[in-house]
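Numbering-wise (the working numbering), the sequence shown opens with residue 1 and increments by one.
I should point out that these hints are in silico values taken from the structure, not numbers from a laboratory. For glycine and all other residues, C-beta sits at the position ideal for the given N, C-alpha and C. Just to be clear, a hint being listed does not mean it is correct.
[To be verified] Pairwise CB distance ranges (calculated):
#	residue 1	residue 2	range
1	A214	V248	32 to 42 Å
2	S299	R268	24 to 34 Å
3	P20	R288	21 to 31 Å
4	E148	T245	37 to 47 Å
5	D123	G269	52 to 62 Å
6	R184	L280	39 to 49 Å
7	L27	W307	25 to 35 Å
8	P20	T203	40 to 50 Å
9	R180	L27	37 to 47 Å
10	V248	E284	19 to 29 Å
11	R184	P20	42 to 52 Å
12	A101	T245	20 to 30 Å
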Amino acid sequence: MSPRQITVLGECVADAFAEPAGASNELALRVLPGGGPANTAVSLARLGTPARFLARLSDDVFGRLFRAHLEESGVDLSDAVKAAEPSTLAVAELDAQGQAAFSFHAQNTADWQWTARELAGADLSGSACVHTGSLALVREPGAAVVEEFLAAAAPRATISIDPNVRPLLVRPEVYRERLRHWCRLTDILRLSEDDLELLLPGTPLGRACDIWHAAGARLVVITRGGDGVLASLDGERVEVPAVATRVVDTVGAGDSFTAGLLHHLGARGILGRRLTDLRLGDVEEACRFAVRVASLTCSVAGPNPPWQHELTRLATADRV
1 MSPRQITVLG
11 ECVADAFAEP
21 AGASNELALR
31 VLPGGGPANT
41 AVSLARLGTP
51 ARFLARLSDD
61 VFGRLFRAHL
71 EESGVDLSDA
81 VKAAEPSTLA
91 VAELDAQGQA
101 AFSFHAQNTA
111 DWQWTARELA
121 GADLSGSACV
131 HTGSLALVRE
141 PGAAVVEEFL
151 AAAAPRATIS
161 IDPNVRPLLV
171 RPEVYRERLR
181 HWCRLTDILR
191 LSEDDLELLL
201 PGTPLGRACD
211 IWHAAGARLV
221 VITRGGDGVL
231 ASLDGERVEV
241 PAVATRVVDT
251 VGAGDSFTAG
261 LLHHLGARGI
271 LGRRLTDLRL
281 GDVEEACRFA
291 VRVASLTCSV
301 AGPNPPWQHE
311 LTRLATADRV
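Kindly generate the complete structure, drawing on both the sequences and the hints.
So, in structure tokens, the structure goes:
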């Protein structure tokens, strides 16, 4: 079964990585297109799921880079807004394990200025799922508009949310205050162990899943880096191990995991409703696939998710 379209809403960010410069008083930056929702849309398209990206893309040098990157990956930008505001810039510093710490330049940038009129024209008739999260749900003035859009989409599409907490830009308390409402809107809640610690400090994974189930989320998936994944479907749980890989950096790994999860569920016809046909075995299979997608993303620099043919080649090599 061919997967139906997935619509992704959110930001596209210029991820800048420091590189050696020609002089001691210079800093060279290698800029790659990033941002959690954009990474997810790119990964979905490369896996073979028709992906539409609702974004506000600036016409500055970074915005033109974003458009080229998204279109080359096969993402549908027909409903993207050409924004007058500048693009958002994130400067990444990598530690010895390839983990990235970001500093953001995001004041009054294009990504957060959504209006109801801009989103009113988005056609969701062909979309099985709407995915969003990260800063789009918490940065004003657009956050309330995005929530209203999700509420309107929920009766006809599966809703997926990745909080992707960014405490340098928005206080964790803001996410905590809104999370219960998001759970009432969403069918799938995907977050990292770091997100969990910021949202429910000191709470065991299983207890956190139960809290979010009680608030309305049917499927909760917590990614734990090298420790694998915990998935909980209405309280039934399964753990999936990580795939061993040579890590270059972890930028975009969580976003590509989300894309792998949604792609696998969509290809099996499970998306498009309230997950009523979803079983724990389906969740485990989808997580195993998503872990492979994330591992390949970690094996290259920056948010550069794999194409379907790369996964097929890897699966063939594993069988030999």
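Right, here's what the structure says about each hint:
no., hint, result
1, A214 / V248: 32 to 42 Å, "39 Å, holds"
2, S299 / R268: 24 to 34 Å, "26 Å, holds"
3, P20 / R288: 21 to 31 Å, "39 Å, violated"
4, E148 / T245: 37 to 47 Å, "40 Å, holds"
5, D123 / G269: 52 to 62 Å, "21 Å, violated"
6, R184 / L280: 39 to 49 Å, "23 Å, violated"
7, L27 / W307: 25 to 35 Å, "32 Å, holds"
8, P20 / T203: 40 to 50 Å, "42 Å, holds"
9, R180 / L27: 37 to 47 Å, "42 Å, holds"
10, V248 / E284: 19 to 29 Å, "28 Å, holds"
11, R184 / P20: 42 to 52 Å, "49 Å, holds"
12, A101 / T245: 20 to 30 Å, "21 Å, holds"
Consistency note: the structure conflicts with the earlier hints numbered 3, 5 and 6.
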